[in-house]
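Protein chains: 2
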Amino acid sequence: MNSEQLFQQIRIKQSYLCVGLDPVREKLPAAVMSSDDHVFAFNKAIIDATAPYAVAFKPNTAFYETDGSLGWATLEKTVAYIRTKYPKMFVIADAKRGDIGNTSARYAAAFFNRLGADAVTVAPYMGADSVQPFLGFDGKWVVLLALTSNTGSADFQYIENKESLSLYKQVIQKATQWASPEQMMFVVGATHPDELGVIRQMAPEYFFLVPGVGAQGGDLDAVSNVGLNRRAGLLVNASRSILYASSGTDFAQKAAEEALMIQQQMKHQLELAKLI
Amino acid sequence: MNSEQLFQQIRIKQSYLCVGLDPVREKLPAAVMSSDDHVFAFNKAIIDATAPYAVAFKPNTAFYETDGSLGWATLEKTVAYIRTKYPKMFVIADAKRGDIGNTSARYAAAFFNRLGADAVTVAPYMGADSVQPFLGFDGKWVVLLALTSNTGSADFQYIENKESLSLYKQVIQKATQWASPEQMMFVVGATHPDELGVIRQMAPEYFFLVPGVGAQGGDLDAVSNVGLNRRAGLLVNASRSILYASSGTDFAQKAAEEALMIQQQMKHQLELAKLI
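Each protein sequence line maps, in turn, to chains W and P. Mapping the first sequence onto this note's numbering, position 93 (from 1) lands on 93, and the numbers just tick up by one. Mapping the second sequence onto this note's numbering, position 133 (from 1) lands on 133, and the numbers just tick up by one.
There's no promise every hint is true.
Copies of the same chain look alike in the list, so a pair counts if it works inside one copy or between any two.
Listed below are the simulated DSSO-like cross-link pairs for lysine-lysine, each with C-alpha atoms no more than 30 Å apart in a straight line [to be verified]:
no., residue 1, residue 2
1, Lys27, Lys140
2, Lys274, Lys162
3, Lys174, Lys140
4, Lys77, Lys162
5, Lys140, Lys88
6, Lys267, Lys162
7, Lys27, Lys162
8, Lys88, Lys77
9, Lys27, Lys174
10, Lys27, Lys274
11, Lys88, Lys254
12, Lys174, Lys162
13, Lys174, Lys85
14, Lys140, Lys254
15, Lys44, Lys162
16, Lys162, Lys254
17, Lys274, Lys77
18, Lys267, Lys174
19, Lys174, Lys77
Keep in mind that the hints were calculated from the coordinates and are not lab data. None of these values were measured; they are calculated from a predicted model.
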């Protein structure tokens, strides 16, 4: 999927919501426990409930790897289900991979070819040759960590070099030379709205994947104000606030309501930005 | 396994060799092709051939994830095989994970509890709360990326702050405050022997996992000269030079010969350092 197609979906859905599929076994509602694969049953219900209000789904591999190869099978079934039932949905494997070149090439094959994701999140620490193997796939995307939503982002990402340029800005600066806005997006946490505005100026055409709205406390309006560009340029993720909106039999209905509420807020922001 | 037990194995084996189990399907010898699980058959042969000369095995998850859930099942079988047949072997899951706290906790459960590895490699970019969830497991280890062996290490890891302290040194400085030498090791590439000596001074008691000997061009003697400490403190990894020493029916024999050659060099270094 290219950026124009993604923007088209954003206009059709009047939404730039990405739903994080991060299932935690202990939190699953009793309603899915009769199924053979509880996690898949849960994902399927969440996907069907929220698909009308979202343009992207983002399974985080950690929540599948806790179940080992069985969890990976659930991840594969989940992505295949989205691909088949919602072919225009953008699928991000939130894997935060990155290794030496010949190893990163294996990860790229795993997530783009084998799993069939549109995008994979990648960590920048190991530099250019750890990122480049992910770039050779037509219509596929690297989503590079720049400024993450967690408190630990302060430990290294804000370190300034002698020219007072912080590490996350250096990541943006270098990475925009490695890849075009058709190949790369950046992770910028919703918990840093001021910095998000600065990064938007450094990378005006790039999409940002913005986690941290909802359970982590980020503010959607603040993010949208400074982050929206001429093709929206934002995918804002919500996970826990949607997945666990209710633990009752109405969990999917409540997830849909939560997603709808966010979509309505996004619609308003898209109108303000004259994008719809 | 604690550091004293690991050092004991190093003295018994007269080796600090870690064998990287990074199987590439296209490179597998014809000899394993009659098996149902080619990759596992290959790993099993390599493990049995090299176990006498090694103290650690390090499967890199990328080489399994290219086969999706089936690859993960092979990874599980491989670790279980080592655990059962060679219970004193140190097993490192080379996964380079790292995410926000509640997600890193899932990775820790995946690699320590579910897979049963002794150690997992972790990327530092997301800071303290991305690393800490890996630290609460008795006898388990975080192997944190500090200075990697690839050329891309120059992109960010060498960036200096205003006090002229490079990023990889800041990672060492902070991380040694997060975790003791009983909980944490550092990845330091063999391709940077001078820097390895500096890092040894910053972290005298910590083990270093040193990739980059062999196919990547690092020099074992140079690394050992500056890296060995009073409990050895080094695990030097070799992957491709051992795994693909021969593509013939003698692949396991040639892998053993390659591992033996490295072990002999390590024995000499341990003698020079008066550790055996």
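* **Intra- versus inter-subunit Cα pairing at 30 Å for lysine 88 with lysine 77** => Answer is within; shortest intra-copy Cα gap is 17 Å, inter-copy 37 Å.
* Have a look at lysine 162 and lysine 254 and pick one of within, between, both or neither, based on CA distance no larger than 30 Å. => neither (50 Å within a copy, 50 Å between copies)
* Homo-oligomer pair classification [lysine 274, lysine 27; C-alpha up to 30 Å] -> neither (40 Å within a copy, 54 Å between copies)
* How do lysine 77 and lysine 162 come out at 30 Å by Cα distance, when the copy is not named: within, between, both, or neither? -> neither (48 Å within a copy, 49 Å between copies)
* **Intra- versus inter-copy proximity for lysine 77 and lysine 174 (alpha-carbon distance at most 30 Å)** => neither (36 Å within a copy, 40 Å between copies)
* Asked: Is it within, between, both or neither when you check lysine 267 against lysine 162 at 30 Å Cα-Cα?
  -> neither (42 Å within a copy, 44 Å between copies)
* lysine 27 and lysine 140: within-copy, between-copy, both or neither at 30 Å Cα -> Cα proximity of lysine 27 and lysine 140: across copies only (27 Å, versus 32 Å in one copy).
* For the identical chains here, do lysine 174 and lysine 85 meet the 30 Å Cα criterion within one copy, between copies, both, or neither? -> neither (38 Å within a copy, 47 Å between copies)
* **lysine 140 and lysine 88: within-copy, between-copy, both or neither at 30 Å Cα** => Within. Shortest intra-copy distance 14 Å satisfies the 30 Å Cα cut-off; inter-copy 43 Å does not.
* If the cutoff is 30 Å on CA atoms, where do lysine 274 and lysine 77 land: within, between, both or neither? Let me know, please. => Neither: 38 Å inside a chain and 55 Å across chains, both beyond 30 Å.
* With identical chains treated as interchangeable, where does the CA-CA distance between lysine 44 and lysine 162 reach 30 Å or less: within a copy, between copies, both, or neither? -> Intra 50 Å, inter 50 Å, cutoff 30 Å: neither.
* Asked: Is the C-alpha distance from lysine 274 to lysine 162 at most 30 Å within one copy, between copies, in both cases, or in neither?
  -> neither (40 Å within a copy, 43 Å between copies)
Comparing the model with each numbered hint stated earlier shows that hints 2, 4, 6, 7, 9, 10, 13, 14, 15, 16, 17, 18, 19 do not hold.
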